[in-house]
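So the sequence lines, in the order shown, correspond to chains C and V. Per my numbering, the first sequence starts with residue 1, numbered consecutively. Per my numbering, the second sequence starts with residue 1, numbered consecutively.
Hint data in this document are derived by calculation from the structure and do not stem from the laboratory. Don't take each hint at face value.
As the list claims (entries may be wrong) - Keeping only pairs whose Cα atoms sit at most 27 angstroms apart, straight-line, the calculated BS3-like set for lysine-lysine is: (1) C:453 with V:15; (2) C:189 with C:313; (3) V:117 with V:15; (4) C:629 with C:109; (5) V:201 with C:453; (6) C:573 with C:263; (7) C:372 with C:453; (8) C:344 with V:15; (9) C:457 with V:107; (10) V:117 with C:453; (11) V:107 with C:428; (12) V:107 with V:117; (13) C:593 with V:107; (14) C:428 with V:45; (15) V:107 with C:455; (16) C:3 with C:143; (17) V:27 with C:428; (18) C:453 with V:202; (19) V:45 with C:455; (20) C:457 with V:117; (21) C:192 with V:117; (22) C:455 with V:117.
Remember, it's a predicted structure, so these values are computed and weren't measured experimentally.
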Amino acid sequence: MDKKYGVYICTGCGIGDALEIEELCEVPEEEGLPVKTHPFLCGTEGVELIKKDIEENGINTLVIAACSRRVNFDVFKFDGCIVDRVNLREQVVWSHPRSEFPALTEEQKDDEEHFDRLQMLAEDYLKMGMAKVEKVDLPEPYKLETFSKRILVIGGGITGISAALDAAKTGYEVTIVEKESSLGGYAAKVRKQLPIQDPYENLIPPVIGAKIKELEAYDNISVKTDTIVARIAGEPGDFTVTLKKPGEKIEYDVPYPLPEEMKFDENGKELDVEAQHKRYMEYNEGKLDILQIDPDGEKFGAVVLAAGWRPYKPEGDEFAHLGYGELPDVVTNHQFEEMAAKGKITTSDGKEAKSVVFIQSPGKGEDDADFKYGGSVTSMVALKQAKYVCEDYEDGKAYIFYQHMRTPGLLENFYISLQETEGIFLTKGEVIGVSKNGDGMIVEADNTLLGEKVKVKADMVVLATGMVPATVDDPVVNLAYRQGPAFRDIDLFEGYCDSNFICFPYETQRTGIYAAGAIRRSMTMEESIEDATGATLKAIQCIESVNRGVSVHPRSGDMTFPDFFMQRCTQCKRCTEECPFGALDDDETGTPKPNMTRCRRCGTCMGACPERIIGFADFNIDSVGSMVKAIGVPSEDDYDEPPFRIVGFVCENDAYPALDIAGLNRLSYSADVRFIPIRCLGSMNVIWIKDALAQGMDGAFLLGCKHGDDYQCHFVKGSELADVRMKKIGEALVSLALEEERVAQFEVAIDDYDKLPKMINDFVEMVEELGPNPFKGL
Amino acid sequence: MTDKYLIEPDVNFIKEIVGLGGDSLKKCFQCATCSVVCPISPDTKPFPRKEMIAASWGLKDRLVNNLDIWLCHHCGDCTTMCPRGAKPGEVLAAIRSYAITDYAVPKAVGKWVNDPKMLPLIGFVVPVVIFLVLGLITGLLDFSPPLGEHGISHSMFFSSWLVDMIFVPLAGWVVVIFAMGLKRFINDIHENAVLEGKTNKKELEFGGLIKGLLRVLPTILKQDKFSECSENKDRDVAHWMVFLSFIGLFIVTNIFFIALYGLQLHGPYSQLNPVKWLANISGVALIIGSILMIKNRLAKTDQTSSYQDWYLIGLVLGLGVTGMFTEMSRLAGMAGVTYFMYFIHLVFVFNLFAFLPFSKLAHIVYRTVAMAYNEYSERQ
Chain C
1 MDKKYGVYIC
11 TGCGIGDALE
21 IEELCEVPEE
31 EGLPVKTHPF
41 LCGTEGVELI
51 KKDIEENGIN
61 TLVIAACSRR
71 VNFDVFKFDG
81 CIVDRVNLRE
91 QVVWSHPRSE
101 FPALTEEQKD
111 DEEHFDRLQM
121 LAEDYLKMGM
131 AKVEKVDLPE
141 PYKLETFSKR
151 ILVIGGGITG
161 ISAALDAAKT
171 GYEVTIVEKE
181 SSLGGYAAKV
191 RKQLPIQDPY
201 ENLIPPVIGA
211 KIKELEAYDN
221 ISVKTDTIVA
231 RIAGEPGDFT
241 VTLKKPGEKI
251 EYDVPYPLPE
261 EMKFDENGKE
271 LDVEAQHKRY
281 MEYNEGKLDI
291 LQIDPDGEKF
301 GAVVLAAGWR
311 PYKPEGDEFA
321 HLGYGELPDV
331 VTNHQFEEMA
341 AKGKITTSDG
351 KEAKSVVFIQ
361 SPGKGEDDAD
371 FKYGGSVTSM
381 VALKQAKYVC
391 EDYEDGKAYI
401 FYQHMRTPGL
411 LENFYISLQE
421 TEGIFLTKGE
431 VIGVSKNGDG
441 MIVEADNTLL
451 GEKVKVKADM
461 VVLATGMVPA
471 TVDDPVVNLA
481 YRQGPAFRDI
491 DLFEGYCDSN
501 FICFPYETQR
511 TGIYAAGAIR
521 RSMTMEESIE
531 DATGATLKAI
541 QCIESVNRGV
551 SVHPRSGDMT
561 FPDFFMQRCT
571 QCKRCTEECP
581 FGALDDDETG
591 TPKPNMTRCR
601 RCGTCMGACP
611 ERIIGFADFN
621 IDSVGSMVKA
631 IGVPSEDDYD
641 EPPFRIVGFV
651 CENDAYPALD
661 IAGLNRLSYS
671 ADVRFIPIRC
681 LGSMNVIWIK
691 DALAQGMDGA
701 FLLGCKHGDD
711 YQCHFVKGSE
721 LADVRMKKIG
731 EALVSLALEE
741 ERVAQFEVAI
751 DDYDKLPKMI
761 NDFVEMVEEL
771 GPNPFKGL
Chain V
1 MTDKYLIEPD
11 VNFIKEIVGL
21 GGDSLKKCFQ
31 CATCSVVCPI
41 SPDTKPFPRK
51 EMIAASWGLK
61 DRLVNNLDIW
71 LCHHCGDCTT
81 MCPRGAKPGE
91 VLAAIRSYAI
101 TDYAVPKAVG
111 KWVNDPKMLP
121 LIGFVVPVVI
131 FLVLGLITGL
141 LDFSPPLGEH
151 GISHSMFFSS
161 WLVDMIFVPL
171 AGWVVVIFAM
181 GLKRFINDIH
191 ENAVLEGKTN
201 KKELEFGGLI
211 KGLLRVLPTI
221 LKQDKFSECS
231 ENKDRDVAHW
241 MVFLSFIGLF
251 IVTNIFFIAL
261 YGLQLHGPYS
271 QLNPVKWLAN
281 ISGVALIIGS
291 ILMIKNRLAK
301 TDQTSSYQDW
311 YLIGLVLGLG
321 VTGMFTEMSR
331 LAGMAGVTYF
341 MYFIHLVFVF
351 NLFAFLPFSK
361 LAHIVYRTVA
371 MAYNEYSERQ
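So that you can see chain C by itself, here it is in the shape it has in the complex (with noise of 0.2 angstroms):
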């Protein structure tokens, strides 16, 4: 593409009136590109301004110097044209108000003492933007050669049957596999559910029969019992799937990553790369390599991941003071559902069980957490379990000490009917001990909401053990990806497998693979069809994605892919390692092999990589190279006491917004700090940092999101990574004689705006202290 640039600066939003425009439209105009003012930019007639020069004169590559690009972000978008905005209002002029930094004085103007902090911020935020649009490409779209529209559903309980059912309707082709001989799962199982529809008073009869009986109106849907999957190869919108029956072992199930200490040798030495390969087939032995596509396996497009749960199984004498093991009327929900869907409830010697208690926290005085996987369905089960004793004996007592009552949604209703039994007896509670009594059993609780420990006597006892996740015990999914057949690092989520919980339910830590159901956390029924409807919508949004050739998501519809440049690769693996979301296999020479419908675009490859040979068309180590090389850094030769200059690269998912809400507050801080976004703190190429410092840069700070168990990166790893790699340059930088804090990494929340500016002034501060960088003007 032959790029005719265009400048165009809006002078709305205060802008006009806090800079010197005329000044301003030199920087373009020295480099010989045209610049156009508008005192409304983003009105029709700024617009019209903007189309008529792309229409006449050809204008594709544009810069436009005026709001964040976070809006107007519609307004400005011209068909086959390259755009960058330079943010002049949020982060120039509303965040650093001229009572702060003064303009110039006519005297003062060509003295060699004064300058202009704010005019100098705009124009190296310019030159940044214009530095920036000479560097990238327009993105075409990422087409796969085959590609299949086809959605996997594993697991044919109540959410896989729910979630196929969603998919059938929208006309798609759906196939179910289930490892048992029958559909249905748990919810088969059960005496009766929880209420999934108004008024959400009363328990229902099981409503499975009537969504398996629904399944046969489908001729879109196929069903295999007693199978499950060998291995998933492939990409979305291109997976390759090997089915199998349980128990089964062929050569297409899936191979292990060799374990990290197989990949030494006696004497600690790493093998390298073919040493490691014969290793891993050796001890894969009779499976074959992941990159060995199934000729004979089926194609998918996506998977719904509806693989359930097991119930609890207390480990030893976990729960020896609640009696548990060792009083045999002492017992799990799950058993006592069984024992409810078989018939009348009894004790273990087959004696009427009027009096149960149901305890939902196992206590120990350890804290008021209620058994592990629990959660509101496990409250909700409680409830219904109280009913069943009711139901079957008049006289029937059922008491349920909790410490959390959780009641979601319109299941209020259920508790408050439930509550109304007069049989049924609620309070918060700390449950102490089960301890046998004659021929029943106490079961004694502390600070009650009966004012003190209290006693009740028990013929039954029912702990309200949590569901665990199918993910705990296999990968289920067994991915045929070189970081290995399992979601990673779910151990954080307890085994399951969420990528974030809040911000992006049913999505794994793998595109194209959707959670829904128990897999995601413990949840009813009535949430299991719900959540079902949620992962089907998002396997079909990832499908047709992939078709356009677009990212699915978080970066939903950006053509960009990471485009490798193969020749200089030294397969050092770092990309296929790094990668959260596991989008790179290797072959045997290590040489990284992308997956690009598994890619969402984080660029953390591009930032791993050690010869800098990832990029993205609009995003790439020289687009954001060049920006750093077009920041002025003035020097004693310019003024007397130059200002520090310190650059500051901003994950845009978070920081960066937070930075506009800062401006939008008119909160300010340092105008010596310049702010380069980047796709997520894991993209930041140290060797930007570098160039930063070499230049004569004071300092340089990464901005991005919390990280660890509790982390709200959209990329999950990106600000982890980018921390090991901080580390790691501190010790470059103590080589050169340069002081570690001048390079630093905070971590920072969308709102948490109103910290940002403290956080920037206490590290310009910082800096000014350590003196400038002796770099400086070399």
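Mind docking chain V on chain C? Use the hints.
Just chain V now, with coordinates in the frame of chain C:
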């Protein structure tokens, strides 16, 4: 309290409280809004939150003997503010109603008094039969009485001897029943207060209790607690009128009793007599007060009124109305009407006396004692 308390819910107790107007008790989810909004609940171990859970667990032995149910004046603030419609005010009223019958012996009488189906029999037939049988046997009832020296005289129709022959023993019965009930009641509330840590007093001293009574007496007479209520502000005027008129009429009755037997002064007395003024003012206040009570109850659609409530208000209104009618028809010289009204009035008085320990009116005794105990106990 370190001992563990073995809890055995009594489902029948729950059912009874439900039947006595506490049908919402199981709706409580223990948010304690009631205890917070209650204007008269003490700061230490406040009610009615704890009473609500005890009620929904059917813990009779924590409620019937609990003085806090009597400290409640049924302002209704809790009922209005309750986010779940559990109506703590009504539940406590139902528990009080249960407690009254629990402490009054014979229990069968309590059952009858609180059963609307029994009203015609025990409320009307029984007194009428007693009046007629005793009157006819003794000849103290004269259906065609001559005029007395001052015109119509009710004692010519229904002899004062006959009145006293019936009502003096009845008063005695009331005292005995209350004495028996109170003995248990005081011990129970003390025991419960010790158990729940509401007091540090290990042994109950009656002297102290009497002193406590003397200290709360002004509060009771001024109805101070009632006037702290915000939701049922208007109720305090009505209750105060009825309460004071009862005291007025009690004084009048005693003075005339002494006048009759001590000074041999027979009625009817002059309308100029200051005692008669007190009687007339009290009678009018009784009628106005009870009509106000009815009006207030009907206006509060969110609060339930039980049979026990209506029985008592009906009784009070009946007493006042028949009393005033008796007097007015006598002054108007309508002999037949006034004798009939007097007879009916005596039926109401019979109800008042005979069933005092069994009806809601017994609160006059239990609440007074509970307030005295609370004052004495130095609540912790």
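Hints, one by one, checked against the model:
1. C:453 with V:15: holds (26 angstroms)
2. C:189 with C:313: Holds, at about 18 angstroms.
3. V:117 with V:15: holds (19 angstroms)
4. C:629 with C:109: OK: residue 629 of chain C and residue 109 of chain C at ~25 angstroms, within 27 angstroms.
5. V:201 with C:453: With Cα atoms ~22 angstroms apart, residue 201 of chain V and residue 453 of chain C stay inside 27 angstroms; holds.
6. C:573 with C:263: holds (14 angstroms)
7. C:372 with C:453: Holds, because 25 angstroms separates the two Cα atoms, which is no more than 27 angstroms.
8. C:344 with V:15: holds (25 angstroms)
9. C:457 with V:107: Given that 27 angstroms is the threshold and the Cα spacing comes to 31 angstroms, the pair is violated.
10. V:117 with C:453: It is violated: about 43 angstroms lies between the C-alpha atoms, which goes past 27 angstroms.
11. V:107 with C:428: Between residue 107 of chain V and residue 428 of chain C the Cα gap is close to 37 angstroms, so the pair fails against 27 angstroms, i.e. violated.
12. V:107 with V:117: holds (17 angstroms)
13. C:593 with V:107: violated (90 angstroms)
14. C:428 with V:45: holds (18 angstroms)
15. V:107 with C:455: Judged against 27 angstroms, a Cα distance of about 32 angstroms means the pair is violated.
16. C:3 with C:143: Between residue 3 of chain C and residue 143 of chain C the Cα gap is close to 25 angstroms, so the pair holds against 27 angstroms.
17. V:27 with C:428: holds (15 angstroms)
18. C:453 with V:202: Holds, at about 21 angstroms.
19. V:45 with C:455: holds (21 angstroms)
20. C:457 with V:117: violated (39 angstroms)
21. C:192 with V:117: violated (43 angstroms)
22. C:455 with V:117: The given pair, whose Cα atoms are some 41 angstroms apart, is violated under the 27 angstroms limit.
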